[in-house]
Amino acid sequence: MVLPQPDRPVLVSIRNLSRSFGVVQAVDDVSLDVYAGEFLTLLGPSGSGKTTVLRMIAGFEKPDRGSIELGGTDVSQLPPYERDVNTVFQDYALFPHMDVISNIEYGLRVKGVEKVERRARALVALEQVRLGGYGERKPAQLSGGQRQRVALARALVNRPSVLLLDEPLGALDLKLREQMQIELKELQREVGITFIFVTHDQEEALTMSDRIAIFNRGKIEQLGTPREVYDNPYTTFVSEFVGQTNKYDLNGTTINIRPEFITISKGETFGDRTVAGKLRDAIFVGATTRFLVDTVDGGTLIATQRHEDIAVGDSVILSWESEKEFLVN
Amino acid sequence: MKSTIPTWMHKHPKFRLAALLFAPTSWLVVAYLGALGTLLITAFFTINSFTGDVVAKFNLDNFHDMFTDPAYRNVILRTIGIALSVTAICVLFAIPMAFFMAKIAKPKSQKILVALVLTPLWASYLVKIYAWRTMLEPGTGVVDWLLSPLGIHSPGFGGPAIIIGLSYLWLPYMILPIYAGLERLPNSLLDASGDLGAHNFYTFRRVILPLIFPSLVAGSMFTFSLSLGDYITAQIIGGKLQMLGNVVYQNFSINLPFAATIATVPVAIMAIYLWLVRRTGALASL
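First to last, the sequence lines map onto chains S and C.
Just so it is clear: in the first sequence, position 60 is 60 by the numbering used here, and no numbers are missing.
Just so it is clear: in the second sequence, position 47 is 376 by the numbering used here, and no numbers are missing.
To be clear, the hints were calculated from the coordinates, so they are not data collected in a lab.
Note that beta-carbon positions come from the ideal geometry of N, C-alpha and C, so glycine has one too.
You may find that some hints are simply not true.
[Claimed, not checked] Cβ pair distances, simulated, as ranges:
1. V23(S) <-> W356(C): 47 to 55 Å
2. A434(C) <-> D64(S): 17 to 25 Å
3. N232(S) <-> P425(C): 53 to 61 Å
4. P515(C) <-> D84(S): 46 to 54 Å
5. D64(S) <-> P539(C): 31 to 39 Å
6. T207(S) <-> P539(C): 54 to 62 Å
7. T469(C) <-> A140(S): 33 to 41 Å
8. P425(C) <-> D84(S): 30 to 38 Å
9. S46(S) <-> P515(C): 37 to 45 Å
10. K435(C) <-> G133(S): 40 to 48 Å
11. I441(C) <-> A140(S): 28 to 36 Å
12. P425(C) <-> V23(S): 28 to 36 Å
13. A140(S) <-> P478(C): 36 to 44 Å
[Stated by the list, open to error] A short list of chain S residues far from chain C (calculated; beta carbon distances all over 10 Å):
14. Q128
15. G170
16. H200
17. V328
Modelling step: build the complete structure from the supplied sequences, incorporating the hints.
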């Protein structure tokens with residue numbers, strides 16, 4: 001994993017950005033630095049302001065307050081066509097009346113790139129997203145995944161300094177999405193362009209990002225590497241939005257522990273914390289099983305691990321290392 | 330067994346289809362195709378010049394007269410010219426209006442705007458054209474009163490007046506299809522074009538215009554064909570100017586076959602127009 005390196009220059013610098021729609025404060029005083037070449041994900045539930053931030057970077061929305069610097073110049077008042085960024089849209093937004101190659105060439109054509117060079121660059125981009133030979137098809141003749149790749153090629157062919165991706169994998173089915181996550185990440189390393197990626201899928205964010213900014217109600221709740229965010233969530237919101245968390249009242253103090261750190265057994269213990277209880281339910285989810293346990297002091301804990309032969313109603317012992325617990329504010 | 334008729338109908342899908350289409354098909358065949366066929370046949374008849382009765386004898390004399398007499402040729406060309414001008418003016422006014430309605434106005438005002446665009450259709454055609462007559466009246470009309478301080482005068486009654494009147498009458502028929510077309514156009518396409526570096530005019534020319542072209546065609550079929558067949562507007566505000574419809578109207582009682590011959594011209598022009606449009610592929614996505 002590429003950790004944010006302080007020696008990398010800041011490419012996008014967002015300061016005190018705010019935007020409201022009517023009475024809704026969509027983005028509320030957001031500040032954020034994006035380093036050159038990094039894969040930054042804006043993660044949050046719908047309505048948390050992540051897409052609005054992305055649209056303000058692209059220039060589709062104007063901020064009420066605050067600034068967006070791109071490579072040192074404030075672009076927050078510029079129209080989209082004067083910004084050195086390109087966007088991959090959620091619905092791909094391919095031009096339906098143009099074939100694939102014309103779609104990819106569009107940006108170069110606008111900029112007056114000469115025909116031979118334009119075609120050559122578009123073909124390279126098409127190859128890059130592994131769609132060689134599909135140039136003459138119309139978008140309607142492509143599958144969702146292929147359209148997604150064309151949208152990616154259409155943006156990348158312009159060699160923008162920042163690529164903005166607005167939930168680009170949201171419309172794909174699970175298998176394809178997982179495959180595209182890996183491909184996107186590889187492509188980003190290959191082209192070395194800074195990616196700002198918007199998603200509401202925490203797994204996707206953890207898989208792909210160098211850093212994640214977690215949005216809630218128009219504000220960034222936490223900004224950090226996937227490990228930092230997962231292992232040390234600052235707030236209850238982050239701990240619950242990224243991964244699953246047991247909130248448990250232990251002798252008067254509330255502790256937080258991830259289900260995968262708890263071991264369930266009929267006698268043995270693994271760790272310095274132990275709680276006895278009765279198995280209420282066991283949910284088989286393939287690679288793991290989720291055990292729902294009613295503890296003796298009236299609480300509920302979830303443990304996730306490989307399948308164990310424990311019947312519902314059996315007495316069990318839950319155990320974990322206390323150092324795996326975390327505090328939130 | 331209960332509800333035997335619905336059950337029987339369910340088992341006989343062909344009968345169901347026949348029941349569904351009986352009324353519209355009979356209307357289409359008898360009233361529409363029948364009338365059109367009669368018109369076409371009559372166009373090849375002639376009249377007895379003494380009695381004025383229609384003589385059902387096939388000949389091409391009417392067509393020969395129509396194409397050789399420069400007066401009729403002028404009327405045909407003038408009518409096409411007027412219909413084209415009206416269509417062009419309607420497109421010019423309808424695109425910005427429809428764009429505002431579909432892409433800029435808030436959803437609430439969108440519905441109000443659609444209603445407002447439709448309101449002129451609630452008033453009678455005659456009333457509207459007479460209103461234009463009063464407005465265009467040279468010297469005393471509203472147009473002269475309003476614009477003469479600026480040095481602009483009413484065009485008076487004639488070709489320009491007909492074009493103004495018809496453009497006014499048919500504008501809603503152009504706005505609505507374009508509005509519907511723009512409604513279907515995702516905003517993200519406009520965003521994407523700007524994102525890829527295109528300023529607004531480029532986006533209009535390369536993205537919006539090609540995608541709403543079928544809507545323009547749909548609208549122009551109304552404005553063009555309605556203008557081709559009109560005679561009342563020409564009669565009221567056209568001064569001495571005649572359109573094809575006026576010639577039909579004048580000949581209707583004295584030489585019915587010749588009136589029918591003239592009436593085939595707009596039909597033929599529309600057929601050619603549709604054929605040209607079909608070649609552009611716009612009908613496929615209509």
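Here's how the hints hold up against the structure:
Between V23(S) and W356(C), the C-beta spacing of about 54 Å keeps the proposed range 47 to 55 Å intact. Distance hint check for A434(C) and D64(S): the Cβ-Cβ separation is about 22 Å, which falls inside the suggested range of 17 to 25 Å. In this structure the hint that N232(S) and P425(C) lie 53 to 61 Å apart at CB holds, the actual value being about 56 Å. In this structure the hint that P515(C) and D84(S) lie 46 to 54 Å apart at CB is violated, the actual value being about 25 Å.
In this structure the supplied range 31 to 39 Å holds for D64(S) paired with P539(C), their Cβ-Cβ distance being about 36 Å. Separation of T207(S) from P539(C) is about 39 Å and departs from the stated range, judged on CB atoms against 54 to 62 Å. Between T469(C) and A140(S) the CB atoms are about 59 Å apart, so this pair departs from the stated range of 33 to 41 Å. Hint check: P425(C) to D84(S), Cβ distance near 31 Å, so the stated range 30 to 38 Å holds.
About 19 Å separates the C-beta atoms of S46(S) and P515(C), a value inconsistent with the hinted range of 37 to 45 Å. Checking the proposed 40 to 48 Å range against K435(C) and G133(S) shows it holds: the Cβ atoms sit about 45 Å from each other. At about 35 Å, the beta-carbon gap between I441(C) and A140(S) stays in the expected band of 28 to 36 Å. In this structure the hint that P425(C) and V23(S) lie 28 to 36 Å apart at CB holds, the actual value being about 31 Å.
At roughly 56 Å, the beta-carbon separation of A140(S) and P478(C) lies outside the given 36 to 44 Å, and the hint is violated. No Cβ of chain C comes within 10 Å of the Cβ of Q128(S); the nearest lies about 17 Å off, and the non-interface call holds. G170(S), annotated as away from the interface, keeps every beta carbon of chain C farther than 10 Å; the closest lies near 13 Å. Annotated as non-interface, H200(S) keeps its C-beta farther than 10 Å from every C-beta of chain C; the closest such distance is 18 Å.
No beta-carbon of chain C is positioned within 10 Å of the beta-carbon of V328(S); the least distance is around 37 Å.
Comparing the model with each earlier hint shows violations of hints 4, 6, 7, 9, 13; every other hint is respected.
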